[in-house]
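Trainee: Chain order of the listed sequences is A and B. According to the working numbering, the first sequence holds residues 1 to 395 in order. According to the working numbering, the second sequence holds residues 1 to 395 in order.
For the record, the hints were derived by calculation from the structure and aren't laboratory data. These figures come from a predicted structure and were not determined experimentally. Watch out, some of these pointers could steer you wrong.
Given that identical chains are not distinguished, each listed pair holds provided it fits within a single copy or across any two copies.
As the list claims (entries may be wrong) - Under the rule of at most 20 Å between Cα atoms (straight-line distance), these lysine to aspartate or glutamate pairs were calculated in the DMTMM-like manner: (1) K35 - D311; (2) K112 - E283; (3) K252 - D33; (4) K119 - E221; (5) K341 - D166; (6) K35 - E18; (7) K252 - D277; (8) K147 - D95; (9) K112 - D311; (10) K198 - E233; (11) K176 - D32; (12) K176 - D166; (13) K176 - D277; (14) K147 - D277; (15) K198 - D56; (16) K176 - D363.
The residues making up each chain are set out below.
2 protein chains.
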Amino acid sequence: MLPDVPDFDIYAIDHLPENLIVADQRLIITWDDGKISHYPFVWLREYSPDAGTFNDITREQNIAVTDLPDELNISSTEIGADGSVIVNWQPENLDSRYHPGWLRAHCPSNPKPNFELPKRTPWTATRTATSQAFPPTFSGALINTDKEFSEWLGALHSSGVAVITDLPIAPEALEKVVDRIGPIRTSNFGRIFDVELKAETNSNAYTSQPLRAHTDLATREYQPGLQFFFCMENSVSGGETILTDGLAVAEKIRTDHPDEYAFLTEQPIPFVNTDRDSEYRYEVPILETDHHGDITTVRFTYWLRAPMTGDLATLDSLYSALRLFHHYADHEDYQLRFPLKPGDLIGVDNRRVLHGRTGFSPDVGHRWLRGCYMEREELESRLRVLDRQRRFRSA
Amino acid sequence: MLPDVPDFDIYAIDHLPENLIVADQRLIITWDDGKISHYPFVWLREYSPDAGTFNDITREQNIAVTDLPDELNISSTEIGADGSVIVNWQPENLDSRYHPGWLRAHCPSNPKPNFELPKRTPWTATRTATSQAFPPTFSGALINTDKEFSEWLGALHSSGVAVITDLPIAPEALEKVVDRIGPIRTSNFGRIFDVELKAETNSNAYTSQPLRAHTDLATREYQPGLQFFFCMENSVSGGETILTDGLAVAEKIRTDHPDEYAFLTEQPIPFVNTDRDSEYRYEVPILETDHHGDITTVRFTYWLRAPMTGDLATLDSLYSALRLFHHYADHEDYQLRFPLKPGDLIGVDNRRVLHGRTGFSPDVGHRWLRGCYMEREELESRLRVLDRQRRFRSA
């Protein structure tokens with residue numbers, strides 16, 4: 001039987017080890033396609049799948065690096081009949097058996113993950129005009145299948161927006177879908193919130209006024225990664241949904257307006273959301289980037305900016321940058337605009353895609369959306385698990 | 001009557017405006033203590049507390065910067081008998097009345113916030129040994145008062161750990177306290193989780209094995225900011241609680257080991273938490289810093305590191321840095337160690353203070369903690385609101 005792996009995944013064996021060399025504190029494997037992998041001793045030792053190193057129920061490490069001997073050595077190596085790699089560790093005299101598929105997938109210099117998340121692809125209104133299917137739209141009748149559900153989630157990940165139509169028009173319809181992804185993130189607006197006209201309200205969302213393209217909850221250090229809206233009723237005149245890809249806006253500004261781009265990515269901006277029973281504050285650039293320079297968060301709850309402090313030149317730069325960002329975010333070339341129908345569920349990447357609505361008359365008809373937040377990582381986790389299950393089925 | 005302010009706060013009027021000048025697209029106020037404040041037109045205009053600009057129920061802005069006229073002007077200014085500042089905006093012909101306390105507090109070049117969060121103060125075992133009251137400890141009998149509750153929260157913010165003793169030993173005791181702060185963050189371990197021995201488990205936390213000082217959920221982009229544990233039972237031999245201030249460890253490494261500090265703050269490290277129904281992954285330096293270079297997150301769920309990739313020199317640096325971090329985090333000079341008693345509730349800043357436990361015998365006695373997560377910003381929001389309420393009462 002092939003050795004256990006230190007996770008819950010399945011690893012194809014596309015290549016077998018042909019030769020093992022121990023040298024320079026590492027195990028060097030030559031594979032049957034000529035590729036060579038180098039595994040440092042401590043690296044290899046800490047991922048030994050034996051029950052002392054990995055808890056075989058949780059598949060979590062039982063040890064820390066400091067629990068291992070200072071001087072590790074391999075006294076013997078062997079390639080098993082099934083291609084497994086067997087080494088004897090000294091001074092522990094521990095025999096460790098490694099799965100060749102796992103070793104190959106985790107080659108430190110050339111890893112091959114079983115699954116990679118789809119790429120994020122920016123979009124504009126004009127760049128999607130030729131496609132009938134934007135935003136990506138899926139049928140509520142089919143969403144119960146893992147295949148359709150995966151495709152919806154994949155589209156939501158790569159486009160930052162994806163729709164399901166024709167779900168049963170019932171208050172619990174939202175949770176029935178999103179519970180299949182992961183835990184909902186509760187905020188001061190509750191776990192599920194009803195977006196409709198409210199007299200005694202604590203958010204502009206609960207009025208009939210128009211809302212320009214924006215993200216939600218800019219005052220949270222981790223601005224909610226995903227937002228879901230389910231349409232229960234929409235019989236008002238107006239109240240159309242607006243969507244703008246903040247990633248496309250940011251890339252446009254990066255290319256054409258480098259000064260404003262530098263300001264937006266570097267200058268911390270104060271945000272505040274104050275209510276009778278809460279007061280959230282956070283100071284952060286409007287565009288956050290990772291160590292590759294890729295944009296990770298667009299933060300644009302424009303009505304929650306706190307009064308800016310700083311010298312007058314900084315304040316001037318702020319207003320120039322804001323006007324520029326609004327210019328593109330509210331421009332028809334960048335904006336999708338469509339009415340939600342009862343039974344529609346829309347998922348939006350709230351750290352990337354801005355949403356808004358046109359104003360509506362509060363006197364005729366009723367507009368009622370149910371909404372909730374969730375982290376991006378729940379979507380990513382679900383995509384990985386669905387793909388893992390697919391691989392198990394096809395193995 | 002004094003003008004409204006664009007938030008829910010109260011502003012003391014310690015100084016009155018003495019003179020107003022309009023020049024260079026700004027209003028210049030000379031105060032009665034000789035201080036001078038400059039308010040750019042667009043800044044001043046966008047915080048006009050009139051009902052068109054600010055929704056007087058939500059106290060949120062109704063407008064975006066792009067809704068304002070391109071060319072703003074002030075045609076007249078006046079200081080009211082109550083010290084309010086009245087300006088007439090053109091071309092809108094809008095009279096705006098500003099509260100002098102609000103204006104002074106928000107002076108762009110010299111703001112004076114009503115409230116500032118307490119400073120974070122690193123601690124070690126030796127630096128706290130002379131103090132009887134560390135970790136800061138509060139009585140369950142008094143925690144119902146806002147004053148005691150504020151002090152507990154303030155201590156939790158500044159020390160990263162604070163205890164309440166002698167709460168009623170009941171499963172709901174945890175929620176009764178933490179619900180007063182803000183919403184709990186649900187994870188794949190649930191909203192509230194029971195830390196006790198479990199046979200079919202998905203986390204090392206639910207075993208009897210020792211756990212070195214660590215943070216929880218390193219695989220989440222936003223590693224939970226706060227963790228609360230409430231002790232229901234603790235009759236085992238062993239199972240003592242371990243606490244280490246990761247901030248103190250990081251500062252020690254910054255001072256004495258600059259190469260390792262650079263690695264820990266700059267090199268993204270992959271983390272993975274894989275289960276039958278979830279697979280969370282994130283890649284990030286172990287120490288995250290803000291634009292001031294201050295440490296915002298210590299990430300050290302050591303058993304959730306994914307197999308590292310990269311060149312062999314990077315892998316060598318990883319293991320050196322990990323050994324160094326463990327060395328301090330597990331060192332008696334840095335570590336507090338004490339048994340939790342039934343009725344104790346401990347709050348820990350999970351992005352800063354590492355926790356752990358000594359192993360215990362699974363056969364004698366029972367150890368049962370109830371736990372949950374929450375974001376740091378809920379604590380900060382609650383501290384602000386409690387202070388605001390205190391100021392309203394004393395006004």
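Trainee: Hint by hint, say whether it matches the structure.
Mentor: Hint-by-hint comparison with the structure:
1. K35 - D311: between (58 Å within a copy, 16 Å between copies)
2. K112 - E283: Classified as between; 16 Å across copies, 38 Å inside a copy.
3. K252 - D33: The answer is neither: 44 Å in one copy and 48 Å across copies each exceed 20 Å.
4. K119 - E221: Answer is between: at 18 Å across copies they meet the 20 Å cutoff, but 24 Å inside does not.
5. K341 - D166: within (9 Å within a copy, 54 Å between copies)
6. K35 - E18: within (10 Å within a copy, 80 Å between copies)
7. K252 - D277: Neither way: K252 and D277 sit 39 Å apart in one copy and 39 Å across, limit 20 Å.
8. K147 - D95: Close neither inside one copy (41 Å) nor across copies (60 Å); limit 20 Å.
9. K112 - D311: between (50 Å within a copy, 15 Å between copies)
10. K198 - E233: within (15 Å within a copy, 46 Å between copies)
11. K176 - D32: neither (48 Å within a copy, 62 Å between copies)
12. K176 - D166: This pair counts as within: shortest intra-copy Cα distance 14 Å, inter-copy 41 Å.
13. K176 - D277: between (31 Å within a copy, 17 Å between copies)
14. K147 - D277: Result: close only across copies, 16 Å inter versus 44 Å intra.
15. K198 - D56: between (53 Å within a copy, 14 Å between copies)
16. K176 - D363: Neither. Shortest intra-copy (32 Å) and inter-copy (42 Å) distances fail the 20 Å Cα cut-off.
The structure does not agree with the numbered hints 3, 7, 8, 11, 16 stated previously, though it agrees with the rest.
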